[in-house]
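Generate the whole structure from the sequences, applying the supplied hints.
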Amino acid sequence: MEHSPPPFFKTGPTPLARLLIFSALSFAFLVADVRFNYLVTLREVAAVIIYPFQRIATTPASIARRIGDFFVTHGSLREDNARLAQDNFGNAALLLQLEALRTENAQLRELLSARSRPDLEFTAAEVLYAARDPFTRKVVLDKGSQDEVRAGQPVVDNRGVVGQVTRVYPWLSEVTLVTDKGQFVPVQNLRNGLRAVLAGTGGDGALELRFIPLNADFQNGDQLVTSGIDGVYPAGLPVARVTQVERSAAQLFARITCTPLGGVANYAHLLIVNGNRELPPRPAAEPKSPRPKKSRKG
Amino acid sequence: MADSRFAPHVILLPVRISFIVITLIAALLANLLPWSGAALWVKPDFVALVVLYWCIEQPRKFGFIAPWLLGLFMDVADGTLFGQHALSYSILAYAGIVLHRRVLGFTGTAQVVHVVILLLMNDLIVLAVRALAGADFPGFQYFIGSFVAGALWLPLGVLLKLPQRPIMDPDHV
Chain F
1 MEHSPPPFFK TGPTPLARLL IFSALSFAFL VADVRFNYLV TLREVAAVII
51 YPFQRIATTP ASIARRIGDF FVTHGSLRED NARLAQDNFG NAALLLQLEA
101 LRTENAQLRE LLSARSRPDL EFTAAEVLYA ARDPFTRKVV LDKGSQDEVR
151 AGQPVVDNRG VVGQVTRVYP WLSEVTLVTD KGQFVPVQNL RNGLRAVLAG
201 TGGDGALELR FIPLNADFQN GDQLVTSGID GVYPAGLPVA RVTQVERSAA
251 QLFARITCTP LGGVANYAHL LIVNGNRELP PRPAAEPKSP RPKKSRKG
Chain W
1 MADSRFAPHV ILLPVRISFI VITLIAALLA NLLPWSGAAL WVKPDFVALV
51 VLYWCIEQPR KFGFIAPWLL GLFMDVADGT LFGQHALSYS ILAYAGIVLH
101 RRVLGFTGTA QVVHVVILLL MNDLIVLAVR ALAGADFPGF QYFIGSFVAG
151 ALWLPLGVLL KLPQRPIMDP DHV
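Protein chains in written order, with the working numbering: chain F, 1 to 298; chain W, 1 to 173.
Don't take each hint at face value.
[To be verified] Here are the simulated distance ranges between beta carbons: (1) R159(F) x I25(W): 35 to 43 Å; (2) L12(W) x V72(F): 49 to 57 Å; (3) L94(F) x M121(W): 56 to 64 Å; (4) F19(W) x H269(F): 33 to 41 Å; (5) L159(W) x R210(F): 46 to 54 Å.
Keep in mind that the hints were calculated from the coordinates and are not lab data.
Where a beta carbon is used, it is the ideal one built from N, C-alpha and C, also for glycine.
Structure representation (structure tokens):
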């Protein structure tokens, strides 16, 4: 061990004093962050400082992935190509119909004077890493507020909804996956139009429908799509498939387990949906009401 | 590990501050690697490990500011509550500084046991903060990383002492 000066020389505050100072600071930060959502600026400053390190740390993996892509065998490329050509051929017929159906739908909506469905725009982003927090289900994307990503935007992949942007930094954004505990998606059963709220459970690849009456018509294999009534998720995006329905008379609600359709556990390219949805204006508050009711937030 | 203390003929050079900084940055980068799946559970918290190492080995040159700042950076990178790692690393640093004489008095496995207990305490602090904020217990695999870190403790000690070893001059006896 190295020779150090004897402790009767001045060495600054004692470790206990320093511990108290720093834990008090940390506690103040925690409370400010959890309770009041302050410190957004401080978080962004820290995010900008650590950004180069994050890029350096994730670069080898993405280079390795690209090198892996480069050494694809001729056979698998040919296989892929044949499959894609076949898919494309199959989809082409559907696309032809889609165009006609879209026009027809627009006309019908016009006849009914219903609101037209907005066209969705997507921003492609790459998953840099899954957040190393065992308590939540999050991934970090390589697009941030510099690319016009805003908190609250839905994130999808080629199979369905993956999550929602919950925090935006200048060049990165955090996406909370649908499997996160406390992440809710308003959905609709594609088969019969029943609406429900889909909640994440915190486990990988398990979702559940909350507060569904015992006699509600949900069956194994039902596909759930976003209902669009929340003003966040555009209507009609596939979210999950019902995998298990348990009805027991001892409980008030049916226990319905679903698996997400989107690849929530995959490292892939994701699409951030920027649907500028023109929501109808909020109804004006009643000018005068005899008994003002207590309104809850949210 | 033990030789530097129990073989008095090897006197280590003083550690350079720049070397401490480099090891901390390396630990931060190791934590920031895109871990996923099972590796995420097995992965030790490298920053906690290196912070604890320097607190035990160099309590005079290593204070609370570096662990605290690194904790804030880890919080931002992981998208966790702002300050949870800062708090746990500060307490870890305190425990390391206070217990450094005791830990260095042991060798081999006994030292590893101390380190594992300190790192588990670090995990428990994070767990407590998250539980207060309303999270569920993630399962016992949450603690695996600290045991892996304990296994890395002795190799880390040898590795981080290499730059302190005096260069032997064969012409000079």
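Structure-based check of each hint:
no.	hint	result
1	R159(F) x I25(W): 35 to 43 Å	holds (39 Å)
2	L12(W) x V72(F): 49 to 57 Å	holds (51 Å)
3	L94(F) x M121(W): 56 to 64 Å	holds (59 Å)
4	F19(W) x H269(F): 33 to 41 Å	holds (40 Å)
5	L159(W) x R210(F): 46 to 54 Å	holds (51 Å)
Hint check: no violations occur; every hint is consistent with the structure.
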